[in-house]
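Student: Sequence:
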Amino acid sequence: MPKKAYLAEHLSSEELKDRYRRSQDSVETRRWHLLWKISLGWTIKNAAVAVGLDYQYSFRILKRYNELGEEGVKNLKKKSGEHRRGKEPLLKEEQLQKLKEELKKRPADGGIWTGPKVARWIEKETGREKVWNQRGWDYLKKVQIFLSKTETKT
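Numbering (the working numbering), first residue to last: 1081 to 1234.
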C-alpha cells in the first residue's frame, strides 16, 4: 500500500470541499479538488488521476499548499495583468490621445476613417516605415469603443 501524503492542517476536509465548490477560477477549482481528495485519504497519484492532473504537477500543488496554505493554491497567472506578451504597443499614451483627437475630425481625404488610413497616420506619427492595415484597424476599433463610451456618459 502506498504511503499516505502529508497534508498540512491549514484547513479541514470540509473547508477544502467548500473551497472546491465555491471557487470561480477553473485552475484553482482543480487544485482545491485535488487537496480535498488527498484530505480524504486518497494517494496523490489516484487523486491526480481523478481530478485530471499530472502526478508531478499535483505533487507541486500539495507542496505549495503545505508551505503557504491558501496562498499556495491561488492561480497567480490570472493576477498578472501587467505582463504584455509580445512587443511594445505601436503608440505611446500621448500618441494614442492624439489619435483620439484626430479621429474626431474628418480624415485629410474627406470620407471616413478606415484601418488603412489609421495605419498611414500611425506611420507618420511614429516614423515607422510600415504599419500593417490590420494594426490601423485594431487602433481604430480601440479608439471608437473608447469614444462611444465617453459620448454616452455625457
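In case anyone wonders, no lab produced these hints; they're calculated from the structure.
All of these numbers come straight from a predicted model, not from anything done at the bench.
Where hints are given, some of them may not hold.
Stated by the list, open to error - Keeping only pairs whose Cα atoms sit at most 27 Å apart, straight-line, the calculated DSSO-like set for lysine-lysine is:
#, residue 1, residue 2
1, 1097, 1083
2, 1221, 1204
3, 1167, 1180
Student: So, against the hints stated earlier in the document, which numbers end up violated here?
Tutor: As far as the earlier hints go, not one is violated by this structure.
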